[in-house]
Amino acid sequence: MAERPIVAEPVAAPFREPSPAVTSREQRIFVASQWQLMWWRFRKHKVAVASALVVLGFYMVVLGADFLAYADPEVSEAQRSLMPPQRVYWFDGWQFAPYVHGVKGARDPLTFKRVYRPDPEQKIRIRFFAEGFEYHLFGLIPTTRHLIGVDAGLDPNKTIFLLGTDLQGRDLWSRLMYGTRISLTIGLLGVTASLVLGVVLGGLSGFYGGAVDTVIQRTIEILRSIPTIPLWMGLAAALPREWTVLQVYFAITVIISLLGWTELARVVRGRFLAMREEDFVVSARLVGCSRRRIIFVHMVPSFMSHIIAATTLALPAMIISETALSFLGLGLRPPAISWGVLLQQAQNVQTVAISPWLMIPALPVILAVMAFNFLGDGLRDAADPYGR
Amino acid sequence: MLAYIGRRAVLAIFTVWAISVLSFVIIQLPPGDYVTSYIAQMASTGSVVSDEEAEALRIQYGLGQPIYVQYLKWMRQIVQGNFGMSMEWRRPVTEVIGERLWLTVVVSVAALILTWVLALPIGIYSAVRQYSVGDYLATFVGFIGLAVPNFLLALVLLYLGFVLFDAHIGGLFSPELQDAPWSAARVWDLLKHLPIPALILGLAGTAQQIRIMRANLLDELRKPYVVTARSKGLPEIRVILKYPVRVALNPFASTIGYTLPYIVSGSIIVSLVLGLPTVGPLLLKALIAQDMFLAGTIVLLLGVMTVIGTLVSDILLVWIDPRIRLEET
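These protein sequence lines map, in sequence, to chains A and B.
Quick note on the numbering used here: the first sequence kicks off at 1 and runs consecutively.
Quick note on the numbering used here: the second sequence kicks off at 1001 and runs consecutively.
Simulated from the structure, these hints should not be mistaken for lab results.
Being a predicted model, the structure only gives us computed values, none of them experimental.
A few of these clues could be false.
As the list claims (entries may be wrong) - Chain B stretches covered by chain A per the calculated footprint, using a threshold of three residues with CB under 8 Å from any CB of chain A:
no., segment
1, 1146–1156
2, 1272–1285
Stated by the list, open to error - Residues on chain B that point at chain A, a partial pick, calculated with CB under 10 Å:
no., residue
3, Val1069
4, Gly1161
5, Gln1290
The beta-carbon is built from N, C-alpha and C at its ideal position, and this holds for glycine as well.
Let the hints inform the model, and build the full structure from the sequences given.
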């Protein structure tokens, strides 16, 4: 999404002979490995560290989506359409025992809208590690335990909807958990594909230079001057309607990454160009190392950190692209659940004005994009521990 | 200088060609063609299209020929100013697109101008008063601007407008002037409706320009010539505006090249949310109906528009940056 200012080229730190009076702290810095130095530097960027934790949290949700969800995301019930989020009461008297009130739905005789009223008489206790629908934890272990739930086996009217329900009466919280799984993995897959394209083409461009470089650079310039959304829309609209969820998922990933590799290629090329004339690369060449050895043993490790940073910074664009496409109805299609698919229900202002909770899926999008941006910033600053 | 502009122009022509091929390929990609979707559409309303009729339609629109022939035919028509017929609307594409394209241009350019108008003073302020409350505020708003996808921003603003002011902030015209002929009142109405879409589209760009402006100006302000100017007793405002700002201004022009595609891209989806009468909603509909000439023309025109904008920014850059103007190549 965002173009970032180009990082200043590293200034070679003047090498000082460690004087006998150096403190142990300085000594530690002298002998520390590159990755150790990066970690020390990254640790100082507090916002980036916090963002790293947020990102980690998101991927925990990806892994444990079924555990965190308490309702089957596909079970719909017309009787519970557009139910507002239920208020959770944490204490019953003085005892910690979270519960929600039961909800009675009725049709307004004037507007024919379904209105829901909490029923203070009825307390539905929220249980931890409760029984729910069956799933495979991490795709392996069959279980029915969920983080929260209501007493199993009771009457079906006793339900909880932490974030309310959508038009079809499906639980938004549970759908959000599954949506997170798809939105974040599609970003990860897309960025991996872009990375492969970017490293190969950027590497070729930077290593060989000359005509290869010119062709690749011009191609990048052309791709970058095309407005991407119309192009994505066109490509996504071309996907056959009868494709399965999985096929569409991979096709969308490919489409997003086809246009997203240019920035990564630019970074890789820049590093290759900067590195080609470095002393250690020249000496490796003079010693007679093979080209492959120079690239993979000498060059790649020294700019690995830059690539990781650039990849992190490319992720938000991937997430936004998928969300935008699905929001338009051209990306993932139901029954697939992603943030964009969830937001599709919030498309018109009339619906949103009546049921504002349908906009909740926008929050994780914004949070994830911010977290990846800050994390990427921190990583980029740390990527060059010898600079500045 | 001429060599530089010439190089950019050649690249622009290549880009236009690439866009034309891409937009044509996209439209060819979906399985089936206009006739298949036409048949499906007719079937849903209860009428049946016979095989002969379908064949006649295919021949009429030249759908049976090899793809490169169709492409060349399309290109030849475009050069002659004929963009073909919109098969869904049964009217010439130019007529269907009509003023929507110009409104897209107006919205995009307004967003670009707003980006500069906001980013320039805020960027200068942030650099001159580094680490002040205002600087932090600008940085914070900037991060929000970068992180919130513009269509979500549009959605949230639309909702807030609806809930807080009971007003519909979408659209580009008041209902009574929606289809009115152009007049001073209509232009004024357009100008009144423009700031919100322009702000939504320009926010990410603004955030980024503020950061660039701030970083560049901070670099410049530390240079000896600034110290010299100050020690000679020039008023502070002149010290800052005369040279450092002019040097730091450079990226404003040089980044149009990718700010503009981004804004144009965003305008499509934001238009859908806000209900703006630009080409965005038309493109979505055309793609869903597989109305190939219409969709193709829109993607092509958007691309060409962006390329022209980029070329203009390149020329602008030559004008403001003597390093490029005087470069001998």
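For each hint, the structure was consulted:
no., hint, verdict
1, 1146–1156, "holds (count 8)"
2, 1272–1285, "holds (count 4)"
3, Val1069, "violated (20 Å)"
4, Gly1161, "holds (8 Å)"
5, Gln1290, "holds (8 Å)"
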